[in-house]
Amino acid sequence: MRIYIVKIFFLLFFLCILARLFYWQVVRADFLQVRGENQHFKDTFVEAERGKIFFQDGSTLASSNPAFSLYGLPKVSSPEEKLKLSYILAKILADDSSQIDAEAKDLLNSLQQDLYWVPLKKGLEAQTRRKIEDLNLKGIGFDLSNARFYPEGSSSAHLLGFVGSDSKGGQKGYFGLEGFYEGELKGLPGLLRHEKDALGLPILIGKFFTSEAQNGKDLMLNIDRFIQFTVEEALKRGLEKYGAKAASAVVMDPKTGAILALASFPNYDPAKYFNFPSDYYKNPIVADTYEPGSTFKVLVMAAALNEDVVTPETVCDICGGPISLGGFSIRTWNNKYYPETTLQDVIIHSDNTGMVFTGMKLGLDKFYSYLENFGFGDPSDIDLQDESSLDLRPKNKWRDIDLATASFGQGIALTPIQMVRAVGALANGGYLMEPHVAQKIIDEKGSFEIKPKVIRQVIKESTAKIITEMMVKAVDEGEAKWAKPKGFKIAGKTGTAQIPVAGHYDPNKTIASFVGFAPSDNPKFVMLVRYDQPSSSIFGSETAAPTFFEIAKELFIYYKIAPGE
Amino acid sequence: MTIIKKFDPEQYSAKFPKKYIILAAVSLLILAIAQIWVNNTVVSYGAKLSSIDKLKDNLEMENTLLESELAARLSLASIATESSKLGFSKIESIQYIR
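Taken in order, these protein sequences are the chains called S and X. Its first residue numbered 1, the first sequence is counted upward by one per residue in my numbering. Its first residue numbered 1, the second sequence is counted upward by one per residue in my numbering.
Note that these hints are calculated values from the structure, not bench results. Being a predicted model, the structure only gives us computed values, none of them experimental. Please note that a few of the clues may not be correct.
[As the list claims (entries may be wrong)] In the BS3-like style, the derived pairs of lysine-lysine whose C-alpha atoms are separated by at most 30 Å in a straight line are:
(1) X/48 to S/42
(2) S/553 to S/481
(3) X/48 to S/131
(4) S/440 to S/560
(5) S/481 to X/90
(6) X/54 to S/82
(7) S/172 to X/54
(8) X/90 to S/486
(9) S/121 to X/56
(10) X/54 to S/121
(11) S/196 to S/75
(12) S/473 to S/366
(13) S/440 to S/255
(14) S/560 to X/90
(15) S/131 to X/54
Please build the complete structure, drawing on both the sequences and the hints.
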């Protein structure tokens, strides 16, 4: 009997062991395999390098530098060691000596957490890391990552955008090129997995698994470094000289739509974007709408010429005085009137009444269709992230007064890039081009070229020639003639648009602008310069026009264009 | 009576030659010793590989930092500042020769 009991006991014992073995070897097999692999294998994530951005001449506009994140291991140090460690690190990490105590307190708070791993400081440079490593401190370590580096500083900030963090703490581009080309620039991280020994060192004859990181693709831009620098310097000087709240300019090749320069002030440093108000991040050239004022007259005139409803010699028979329309009185900017003036002189004198006449000759239907054909109401599809576009008011909601005011560029809102694109069509024989900042996308296998794209022909080539001549005369004989460089044929138009404030126009606040292209017979560039609320003078002829001509003079030298006259 | 022994041809017994067994055993022993020797030699290479990797990473990092410093010094803003210190100034007037 006792032997029988012992046998039963051993059988039960044996069954328990079997069950336990089954549990660990079958039920928990996957878990143990993972634990085993973690002990034997080391995974190293290889961060992909973000693609670089180059100017047209190959010089660097944006690249990546190694950056280090300092972390702490709270469980490794005693409280006294943590206190000492905090102060040693604070002396190196603090921006100045007055902040050492505050920095040490922050570090100590992090190290006192009941965690195995805590982040202490991000974005450290290699030099700082070396200083800390040389101290051989216990309980800290470094993770390597990349930080964006902009050799030109805050130049081209609105073009570039900046690289910030996404919701998972990874890098992500916002605004501008960094945002638009995020997919191409970011690349794919890689993984290196190898067997390790007890010290964590790789075992050469062990197993290696690699998945190579794919670095981000590089961008080569159409932006010309010299033109960008020239535009920025001229705008900075103008901003101060004319006491404006903001200034912006864009230069485009009218034949290809290539953006040669784009600048806006106030701007920010994309490497330290967090130190600037978020209002600065938006690129006003693609995201802000404004009423163009008299610069719009050249487009309306081109439309009327294209429809053969007027010629430059057509006489305006309603230009002898203010025009009353729909309960409103439309005046010229200087209250001077030229009875029996020709439409050529309407452009030279920037005569609002002459433009009302032209608009009425064109009619709302054709006027509206030319608005659409010139690309207003639709985004330009420029390759920058933050573009916005205001829809055109539906045609059936336009009254006679709306057509009249739109004829001289008030009561209609557009973005500067839309304006430059439309005037570019006048410069290149009538073709609306899609603007592009990037020229090529480059990776290890080769490059993909972004070709110029013609959207549509808006006006005939003959019309483009006529309106160009009218614009040349406007520059030679108009209000801005005093600033024009001698000997060069520049086609352009000044603009002084009042800013709508709370339902009415403020007479003292204007957007002063100048749009034009040169040389008029074979344009190398089309450019728009815009000042927001200049205080020294409200007029485009006295603010934006001189800046335009200043930049144009530099471009003539750069392009080796001699005066023809 | 003559007893004729029944003719019983000798059965040919194919005995495997001992020398091949010894050869195989010695070869296995040599291979085993060689493997142990290779493992012992190679096991320390992990540390060397790790230090070479670290050196490579450091050199690549130095290279990247130097490229960035070069790009910063070649920026137009930097060139404009340095050239004005050297006495260069903007073009005031140009003579066009035809």
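Hints versus structure:
Restraint check: the Cα-Cα separation between residue 48 of chain X and residue 42 of chain S comes to about 17 Å, which is no more than 30 Å; the hinted pair holds. Between the alpha carbons of residue 553 of chain S and residue 481 of chain S the distance comes to roughly 14 Å, so the proposed pair stays at or under 30 Å and holds. This hinted pair checks out: residue 48 of chain X and residue 131 of chain S have alpha carbons roughly 25 Å apart, not beyond 30 Å. Distance check on the hinted pair: residue 440 of chain S and residue 560 of chain S sit about 26 Å apart at the alpha-carbon level, within 30 Å; holds.
Distance check on the hinted pair: residue 481 of chain S and residue 90 of chain X sit about 24 Å apart at the alpha-carbon level, within 30 Å; holds. At roughly 28 Å between alpha-carbon atoms, residue 54 of chain X and residue 82 of chain S fall within 30 Å of each other, so this suggested pair holds. Taking the CA atoms of residue 172 of chain S and residue 54 of chain X, the gap is about 28 Å. The hint holds against a cut of 30 Å. Restraint check for residue 90 of chain X and residue 486 of chain S: the C-alpha separation of about 19 Å stays at or below 30 Å, so the hint holds.
A hinted pair counts as satisfied when its Cα atoms are at most 30 Å apart, and residue 121 of chain S with residue 56 of chain X qualifies at roughly 25 Å. Our distance criterion of 30 Å between C-alpha atoms is met by residue 54 of chain X and residue 121 of chain S, whose separation comes to about 22 Å. Restraint check for residue 196 of chain S and residue 75 of chain S: the C-alpha separation of about 24 Å stays at or below 30 Å, so the hint holds. In summary, the hint linking residue 473 of chain S to residue 366 of chain S is supported, as the alpha carbons are separated by about 26 Å, within the 30 Å threshold.
A distance of roughly 18 Å separates the Cα atoms of residue 440 of chain S and residue 255 of chain S; the hinted pair therefore holds under the 30 Å criterion. The straight-line distance between the Cα atoms of residue 560 of chain S and residue 90 of chain X is roughly 16 Å, inside the 30 Å bound, and the hint therefore holds. About 17 Å separates the Cα atoms of residue 131 of chain S and residue 54 of chain X, which keeps this hinted pair within 30 Å; it holds.
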